[in-house]
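Let chain D serve as the given structure and place chains X and V on it in line with the hints.
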Amino acid sequence: MEIMRNFPCISIILCMCSAIVSSALPGKWARRLNVTIVLAVITLSGGTLVYSLAKGYETVYKMGRFPAPWGNEIRFGVLEAIMALFFSGILLLSVLGGSKKLKEDIDNFKENLYFVLLDLLLSSLLALIYTNDLFTAYVFVEICTIAACGLIMASERGRAIEAATRYMIYAQIGSGLLLFGLCILYDITGHLLMSNIKTQVIILASSGQYHIPLVISIVFIGTGLAIKSALFPFHAWLPDSYGYSPVPSAAILSSLVSKGYIFLLLKIFYRVFGLNIIQESHLFNILLIFGLAGMIFGSVSAILEQDIRRMIAFSSVAQIGYIYMGFGMGIRSGMVAAVFHIISHAASKSLLFISSAGLTDASGKNKTFKDLTGAAYRNKIAGAAFTTGALSMVGVPLFSGFISKLLFAKAAFETNAMTMVATLVCLAISTILNAVYFLKTVARIYTPATTEYETIRFKDNIPFGVACILFIILNLILGLASDPLVEFINRGLMMFS
Amino acid sequence: MFGNLITNFGEAVAVLLFVIGFKDLLLQKNLIKKIVGLNFMDSGIYLFLAEKGYIAGRVAPIVTDGVTEVTKYINPVPSGLVLTGIVVSVSSTALMLALTIRLYERYHTLNMDEISTIIKKGEIE
Amino acid sequence: MINFNMILIASFLFPLLSGVLLFAIKEQADRKVTFAYTGLSLVITGVLNMILLFADSAEVKLITLMNGIDIVFRLDTLGKYFMGIVSLVWILAGFFSYTYMKHEKNEKRYFAYYLIVFGVLNGLGAAGNLITMYAFYEFMTLSSFPLVLHNQKKESVMAALKYLFYSFFGAYMALFGLFFMCRYCRTLDFIPGGVIDQVAMSGHETLVLVCICLMIMGFSVKAGMFPLHAWLPAAHPVAPAPASAALSGIIVKGGVLAILRVIFYIAGPEIIRGTFIQYLLLTLSLVTVFMGSMLAYREKVLKKRLAYSTVSQLSYILFGIALLNPAGLTGSLLHMAAHAFIKCALFLSAGAIIFNTGCTRVDELRGIGKKMPGVIWGYTIVSLGLIGIPPTGGFISKWYLASGALSSGIKGFSYAGPIVLLISALLTAGYLLPVTINGFFPGDDYDYENHKTIKTSFYMIMPIIVLAILSVLIGMFPNGLTEFIGSITGEIFNTGF
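Residue numbers (this note's numbering), protein chains in the order written: chain D, 1 to 497; chain X, 1 to 125; chain V, 1 to 497.
Hints should not be assumed to be uniformly reliable.
Stated by the list, open to error - Quick list of in silico lysine-lysine cross-link-like pairs, DSSO-like style, CA-CA up to 30 Å:
no.	chain 1	residue 1	chain 2	residue 2
1	D	440	X	121
2	X	121	D	370
3	V	26	V	105
4	V	105	D	440
5	X	120	D	440
6	V	162	D	440
7	D	367	X	121
8	V	370	D	367
9	V	108	D	459
10	V	154	D	367
As the list claims (entries may be wrong) - Cβ-Cβ distance ranges computed for the label pairs, FRET-style:
no.	chain 1	residue 1	chain 2	residue 2	range
11	D	56	V	202	34 to 42 Å
12	X	55	D	110	48 to 56 Å
13	D	10	X	54	36 to 44 Å
14	D	55	X	15	43 to 51 Å
15	X	83	D	66	16 to 24 Å
16	V	270	D	280	43 to 51 Å
17	D	280	V	279	44 to 52 Å
18	D	476	V	31	31 to 39 Å
19	V	202	D	481	31 to 39 Å
Simulated from the structure, these hints should not be mistaken for lab results. Here the structure is a predicted model, which is why all the values come from computation and not from measurement. In this text, a Cβ means the ideal position worked out from N, Cα and C, and glycines have one as well.
Bound-form chain D, shown alone (with noise of 0.2 Å):
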């Protein structure tokens, strides 16, 4: 059992091993060996998390024996290991889904390098859900962006380098001022560890000594990963890069990349700062209008869109808009509902873009609406893919995304009665703008279409097909049994505080 104790740092550890093992493969044993490590990864954090629930407390780690205010630290509960298993499963599943797609879009002695920087992707998210320094932090926040821009611009067509370009200045600006907020903080408390830092932070809110810097760097911190994980207005970079992304790519950094810098911030929120010190600095208001508003643009965005990739991309930016929106209203309920939502949106997310692959390889390889018609009966798993995606997206009941709506409507009823009225009302208007353009989509891929392109069967491509059908059972399972994750979620979040 006491074994269990080092799963989190093996798994780090073996996937940056396999990063470098892989780039001497060849792309083919590379692909075996980032599925071989995924899986070990699944099963480690499988065995984290029953060690965290069994324990009922957290576990400190100590990197090389040294103590407290030294040394390297890694901390876990439960809410870490459902999130590394979370990530890692819709991780496998994505390449399962989209690896046919990727050896159309890659050079083919380059593949092993796709597979690089995946495993270095997975290894840095793996460190940011687990460590407890935030110097480390830092670090793997910027390997994951260089990571995440090297996956972005791996087809290596024009639009491609464009995209990633500007995703790696947003990324830059946004490390930018997370490393600021981090300097600060380091300067007023002398820690480097979440832990040390908070009991600093305390005795200065309390003492008020250094309030302007505490304020600066809370807000330097905050903005920094939102701009990173692509809160509305800062998501000027996601439509680009997600919609000519390959596949795989697209579905990871929707679902895991931007969702792994949230998850540091919200880690940030209870253990660096607290919830009341946050309060106390508006910053959670800040994020609370910015969630709403981009709901609303980023459905109204994508309702104006024509390419269904980008379309998917700018609903991504809706849902990050929900996220936070949880997280705006500063309190327990809404962060257990926007984790839920982190992990229903990355499981129907993904799922979208798999889908959608394999609708456009039905029409030509567009992704035009124009030529989508029809697309479902030309690929039928791709076309039920996509309407269970949808139809979790648009919440109706039974699917996941209805959870998340249901745990967001509750969460606003104990908030103050001026946010109540304005989450329930942007939460209402964003769902019926959701259902224009994802069920606009869905009838348009069932109406059929007098053009011929070739179809699909599922032995055509069977590893997508079976990534279509383990994430549409995912989707269901959210949707239908969520009271174990929500219940799980609650408890991590309480060994959190």
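Relative to the frame of chain D, chains X and V by itself:
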């Protein structure tokens, strides 16, 4: 107020550098200028960290004359952070430059807006 | 002892699954096989529903979505009543489809969705709490959507999208109210007389009323109430005739059922009585009654005329509900059954006319009574029923509605109601009877030389005649039905005090 500014002029300069770099990264059209801005911004932060780690009259924590008292040396952690940060910023600068070269080879311009217009018109894939 | 719980589950799961199974079966060369399968499934489901009519109680908790929110099915008198009407109409219209669908393509898909919608409607009737009902309400929209756009012409796709967006808009309005109800209700289960928590409500009366109003308005979109009725005349006529019969006869009643559930089983009549909700509902329904009749009177295309007539007739039902007294409610429930049978028969006659002659406009129907006497006799009998001429079903229901209005004592409405109903009845005669009159008495200039009787298929004429007989039987022997309805109204109005 201004007294603080004078004693902490190092930090003030660092913040100024950060702001200049931030503005360049955000607003410059030229990609190379953007990258220069990025480096300005990062340097500003490193200067800030180094300033904060430095204690007047002390030396870097390298034991030379057998002096081992802590009070003789500066805080080594910020220096370590600066080194790590430099590694990170070097790699992201390298990546940005590589991307810039790719874009220039393809579109023969460094202006981000012009590249966008070319792509939108669909002249070069 | 029969296990009613299992039958309750089977009554909606069996048609659902058999519909899904029909998708999986390969397209049969002989359409009789497909139809035999569908017919058998319809009859079995009908039998299951008939058995349930004799059940005392049945309750099944299927799954828990999240803490405190379950998917529950519970059989109560209102649900039984609804399921009974659904089964009769659905089976008869199903038999009509056998002949009618000969000249449409994609029969298999039509029958599959036809079965699925049947299952969903049974689920809607049996739903035991608000969340379950909401879920099945959404499914009802989604699964009936393919029926509307069945012929996949541009016109029908646009109409179907209009239907979808209107319905979803309404559903989300209802969902918005539902979020609030989670807070102000003791439970979301349907209990006659309402479940509003008086303690939680005190101080928030306006908010609760606004939310109830939103829910009613949202569900009334499906029931075609002004101002959100525009989808109905667009969507109903474009569907294949048996589908429009089912849509106009039954699906719209889904909206009525939802409103009944909200008013009498969630809010409770006492909370609504005398508030703006009652006046709003009364006003809007009377406006719709009049406006629907006027529009129907001016419409030249037969199926559209019938659709406008549905708009008008449904608001009779809503008017009766809004009176909030036993007589009005009895009238509403009677009219629910009468209108279901009558409107189904009317649409089926229209379908039979279109199938055999290809005529769609009313002015083309001169002499139709000479060509298809059986169909037009059926049409005439049910028309008289809809106008409200004794001894047909429409008379009894309108009698109760009028007496309910007169005894309600609501200032203005108690007299305005019956007057509007009377005017509307005259208009109904004005728009329905010309078909009969011109049909049987085409005038002297009619070309008797080329006249020949068209032989109508048994499968077409049988459902029309059966429905006509049913509508007359309701009027002639209403005692059994009124007793049953009496048990519903008794439940609602006795426990409310």
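Do the hints match the structure? See the list:
Using a Cα cut-off of 30 Å, the hinted pair residue 440 (chain D) and residue 121 (chain X) holds, with the two alpha carbons roughly 28 Å apart. At most 30 Å may separate the alpha-carbon atoms for a hinted pair to count; residue 121 (chain X) and residue 370 (chain D) meet this at roughly 20 Å. For the given pair, residue 26 (chain V) sits about 15 Å from residue 105 (chain V) by alpha-carbon distance, which is consistent with the 30 Å threshold. Of the pairs offered as hints, the one joining residue 105 (chain V) and residue 440 (chain D) holds, with about 23 Å between alpha carbons and a cut-off of 30 Å not exceeded.
For a cut-off of 30 Å, the pair hint linking residue 120 (chain X) to residue 440 (chain D) stands: about 26 Å separates their Cα positions. Proximity of residue 162 (chain V) to residue 440 (chain D) is assessed by CA-CA distance (about 10 Å); at most 30 Å being required, the pair is judged to hold. Between the alpha carbons of residue 367 (chain D) and residue 121 (chain X) the distance comes to roughly 17 Å, so the proposed pair stays at or under 30 Å and holds. Taking the CA atoms of residue 370 (chain V) and residue 367 (chain D), the gap is near 56 Å; set against the 30 Å cutoff, the hint is violated.
Proposed proximity of residue 108 (chain V) and residue 459 (chain D) is supported: the alpha carbons are some 24 Å apart, at most 30 Å. Distance hint between residue 154 (chain V) and residue 367 (chain D) is fulfilled; the C-alpha atoms sit about 22 Å from each other, no more than 30 Å. At about 40 Å, the CB distance of residue 56 (chain D) to residue 202 (chain V) agrees with the hint of 34 to 42 Å. In this structure the hint that residue 55 (chain X) and residue 110 (chain D) lie 48 to 56 Å apart at CB holds, the actual value being about 50 Å.
Between residue 10 (chain D) and residue 54 (chain X) the beta carbon distance is about 39 Å. The supplied range of 36 to 44 Å therefore holds. Checked against the given bound of 43 to 51 Å, the beta carbons of residue 55 (chain D) and residue 15 (chain X), roughly 44 Å apart, stay inside it. Between residue 83 (chain X) and residue 66 (chain D) the beta carbon distance is about 18 Å. The supplied range of 16 to 24 Å therefore holds. The hinted range of 43 to 51 Å is satisfied by residue 270 (chain V) and residue 280 (chain D), whose Cβ atoms lie roughly 46 Å apart.
Under the hint 44 to 52 Å, the C-beta atoms of residue 280 (chain D) and residue 279 (chain V), about 47 Å apart, fit the expected range. About 34 Å separates the C-beta atoms of residue 476 (chain D) and residue 31 (chain V), a value consistent with the hinted range of 31 to 39 Å. Checking the proposed 31 to 39 Å range against residue 202 (chain V) and residue 481 (chain D) shows it holds: the Cβ atoms sit about 36 Å from each other.
Figure legend: structure checked against the earlier numbered hints; the only hint not met is number 8.
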